[in-house]
Amino acid sequence: MILGMNPLLLITLFPLVGVVVLLLLKPQWKAALRWTALATSLLTFGLALAVLSLFNRADGGIQMELNLPWFTLAGSPIAFHVGVDGLSILLVLLTTFLTPIAILSSWKSITDKIRGFMIFFLLLETGMLGVFLALDMAVFYIFWEFTLIPMYFLIGLWGGERRLYAAIKFVIYTLTGSLLMLAGILWLGLHAGTFDMVQITANNTLTIVQQLWLFAAFGLAFAIKVPMWPLHSWLPDAHTEAPTAGSIILAGVLLKMGAYGFLRFNLPIFPAATLQLAPWMAIIAVIGIIYGALVAFRQKDAKRLVAYSSVSHLGFVMLGLFALDAQGISGAILQMVNHGLSTGALFLVVGFLYERRHTRDLDAFGGLWKVMPVLGSLALIVTLSSMGLPGLNGFVGEFSILLGAFGSSALATPWIAGVAVVGVILSAVYLLHFFQKLFLGPVMHEENAGLKDLSVREIAMLAPMLVMIFWIGLYPKPFFALMTPAVDKLLGILQAASVAMH
Amino acid sequence: MNWTDIFSILPLTVLLVWTLLMLLIGLFLPKRWTAVHPILAVLGLAAAGVTLALQSGQSLVGFGGMVRQDGFSVFLDALFLLSGGLAVVMAPAYLKRIGINTYEYYTLLLFSLSGMLLMASAANLIIVFLALELLSFPLYVLAGIARPRVESEEASLKYFLLGSFASAFVLFGIAFLYGATKATGFTEMSAAIQSGQAIEPFLIAGAGLLLIGLGFKIAAVPFHAWAPDVYQGAPSSVSAFMAVGAKAAGFAALLRLYLMVFPGQAAVLTPIFAGLAALTMVVGNLLALVQTNLKRLLAYVGIASAGYMLMAFAPFGNTAVRADSLASALFYLLAFALTSFGAWAVLLTLEHADGTGLSLTNLAGFGKRSPLLAAAMTVFMLSFTGIPLTLGFWGKFYLFRTAIAGGYTWLAVLGLLTSLLAAFVAFRVIQQMYFREGDVELHPSYWTNFVAIFCALCVVVLSFMPAQLFELAARAVLGGA
Chain A
1 MILGMNPLLL ITLFPLVGVV VLLLLKPQWK AALRWTALAT SLLTFGLALA VLSLFNRADG
61 GIQMELNLPW FTLAGSPIAF HVGVDGLSIL LVLLTTFLTP IAILSSWKSI TDKIRGFMIF
121 FLLLETGMLG VFLALDMAVF YIFWEFTLIP MYFLIGLWGG ERRLYAAIKF VIYTLTGSLL
181 MLAGILWLGL HAGTFDMVQI TANNTLTIVQ QLWLFAAFGL AFAIKVPMWP LHSWLPDAHT
241 EAPTAGSIIL AGVLLKMGAY GFLRFNLPIF PAATLQLAPW MAIIAVIGII YGALVAFRQK
301 DAKRLVAYSS VSHLGFVMLG LFALDAQGIS GAILQMVNHG LSTGALFLVV GFLYERRHTR
361 DLDAFGGLWK VMPVLGSLAL IVTLSSMGLP GLNGFVGEFS ILLGAFGSSA LATPWIAGVA
421 VVGVILSAVY LLHFFQKLFL GPVMHEENAG LKDLSVREIA MLAPMLVMIF WIGLYPKPFF
481 ALMTPAVDKL LGILQAASVA MH
Chain F
503 MNWTDIFSIL PLTVLLVWTL LMLLIGLFLP KRWTAVHPIL AVLGLAAAGV TLALQSGQSL
563 VGFGGMVRQD GFSVFLDALF LLSGGLAVVM APAYLKRIGI NTYEYYTLLL FSLSGMLLMA
623 SAANLIIVFL ALELLSFPLY VLAGIARPRV ESEEASLKYF LLGSFASAFV LFGIAFLYGA
683 TKATGFTEMS AAIQSGQAIE PFLIAGAGLL LIGLGFKIAA VPFHAWAPDV YQGAPSSVSA
743 FMAVGAKAAG FAALLRLYLM VFPGQAAVLT PIFAGLAALT MVVGNLLALV QTNLKRLLAY
803 VGIASAGYML MAFAPFGNTA VRADSLASAL FYLLAFALTS FGAWAVLLTL EHADGTGLSL
863 TNLAGFGKRS PLLAAAMTVF MLSFTGIPLT LGFWGKFYLF RTAIAGGYTW LAVLGLLTSL
923 LAAFVAFRVI QQMYFREGDV ELHPSYWTNF VAIFCALCVV VLSFMPAQLF ELAARAVLGG
983 A
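Residue numbers (our numbering), protein chains in the order written: chain A, 1 to 502; chain F, 503 to 983.
No lab work stands behind these hints: they were computed from the structure.
Quick caveat, the model's predicted, so the values are computed rather than measured.
Ideal Cβ positions, reconstructed from N, Cα and C, are used throughout, including at glycine.
Certain hints may be false.
These stretches of chain F come out as covered by chain A in the derived footprint (C-beta under 8 Å, 3 or more residues) [unchecked claim]:
1) 877-891
2) 908-920
3) 966-975
So that you can see chain A by itself, here it is in the shape it has in the complex (with noise of 0.2 Å):
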């Protein structure tokens, strides 16, 4: 209890008290509404750490739990129902922690119609921790879609020259997956007479023909959120196009609910068919992988670059997931952590350089090591890190991916792993190539001779992000051992599946 309230009822809803206070503000106070949305972030932030101070490490099962019976009907209860446990906390904190990074990262470059750009942050900084923590399917399927309108009007509002097209590229691509998911939340809600997810994991009845079709209905709302190959062309669009903190967001958290659903619904509710698609969902979680590396590093244009490399990265998260073992889902769940980190600091690193150049373009580069050291070496670190150069964190998180993947049971062979190797180097290709058109070399454009390096506010934006990446690459125990009771308790259900099943 904080407060007098439930942790996580109390972390759901903070947002919303900024949206209150922002709305009484005037339009045209913009130092009060940054600051409003920055010290809302940040109390979500400490929030999330007081949720993390309760949390109970050894316990497995769902933790903080809330309960309140909405309505019922036609006979099923609905209740907001919420609780946290291993599979989720990481990403809550994730969510919290990049919530208020995004926000500063607007600071400047957000300067028209600024109240409305903060509420809808922190309206979707709501849905996306409401999307975590959500445990029955009603609740889950209500966040999960009103994630969408704020995203919606940050990209088509804030971003880019072609922000019309991506916005609703990126609204019909998620609405797809999510409609076909809701006549799957509808069917398995009226067959097991509730909508409570965790009673539905517990009480298993469905036979393999419908888990499959289940499997298809969720699966594929979800791999379009990842986003799977080949479902991802709606990605490119909508990172390029959405401004700097809508990017952050989008590829450090949006993404990630794609994944965390696999992790949530398909993985323990049908376990069976999990099992029995494990092997293609790997194939193409590793077709992801290669392709968009390769795809990535044709780019021309910086944050189309980061967003295919996204694509090859979730590639790694999902090959993770379906290699179901331990090794395989903690390095999953740890690296969609990294993917957020790393991705949301180059997308940090290009939105500096757009900010000052107004061009994303690699050739307009060059050469920028000796003009900005700072933000040079800072960029070197974050590109390292997200190539995974062992000592940083996306080594770990990939390093324990194909571990599980090379000794995975279920996928039965180590030819999927050894494929996906081959994206770690395609990662070093295209990223040391990312680097060196923007970095290395002599400065080849004179508009870029007298940029200037980066002030206190953009280094506050990544030092915390730079401390996570060590921290997590030197040190990954205290991660891995919050998630390990979850994961094994979701083991425990797909060894039953097994089980039944020969």
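Please build the complex by placing chain F on the supplied structure of chain A, with the hints as guidance.
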């Protein structure tokens, strides 16, 4: 005729008498006193509402079973009175702008409304027909009430011709059903069918013809072609009323008739309903996508909504989901009514005196010019699509759930996929309002804004507490079924 008979149609009687009085008062009041009529109309609706409240919770049978006032009709009556109220409240400023200063507008509207009230409780085919004509004729006149305007006259004529055509189908269907069962009362017909005395082919033919006739009223594809033309030509406040009232009345008749009389014929009729629902959802949404005129766009959105409602009672013969079938259709109807009236109210604000200003491109800059109304319009568009935190979401949630429970998973999936088209439509509108720069000229008036904001608040706030509404819909059972 005794007191029970009168009590069973009390709201209707109150409304009719009041309207007749208004007609008389209108004759003697000075022409300048235009503000009096809407106030009188609202008072009449309120009086009818009070008498309706007296009836709630009861199951009354009047006129030898020709009229049934049960939970179902009380729910629908309340919906009709609410619609009437909104249609009256949003109109005055708009009517003044387009130059209609006649009190006949309000009296005709209330006459049509009383036809709708009668329709909700009709339990006899003759009453169904009577109600249909009572609600339709004033609407024909209302469609043409902007008289010197050619579009309005055209709309009126078109509506009248196609409406008469539809009435003929209904009448023909009634004849068949009478031939098949030797009765026009729902209870008697049902008894005749259950005893096996009914002539099956005639029964199916009659049911089919009635479906066609009423299909015109609810604007189901392929009987929808009149709706966009008529909505576009008629004064917008009339279109708003038609879009909800006439549709709801058509559904009232269909629901009671089919659920009470034809459960035995479900095997033959259900595929027809399902096909009609599928066609209506697909065509309605597809055509909404290509509209550039907002009135036509709303017309097609309304058509698509009829498809969703049809879907709910596709499994009407299945006794296990029957109650949900009815409740989900009614719930959706309520959500649709609030959403639709709100959206039309926004259109009233946009329309210029000469009827222009309703093109999609006219919305450019709306978000900046009038943030509140634009936000309301966004809410309506999202509610039409079925995005959460709107009443439309729960409406679809319940509808699709019912369809799946009734074994129509494919129909539910189709419904969800067509919602994607609806999303396209909605986001086209939202995009115009917020992302395009432009100078939009508005004609705001207090009461029109009131309707838009009121509906938007209802759509959002009630979505947080839908429990009572679900319960209301669930209690709206058919007496004697």
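Hints and how they fare:
{"no.": "1", "hint": "877-891", "result": "holds (count 4)"}
{"no.": "2", "hint": "908-920", "result": "holds (count 5)"}
{"no.": "3", "hint": "966-975", "result": "holds (count 4)"}
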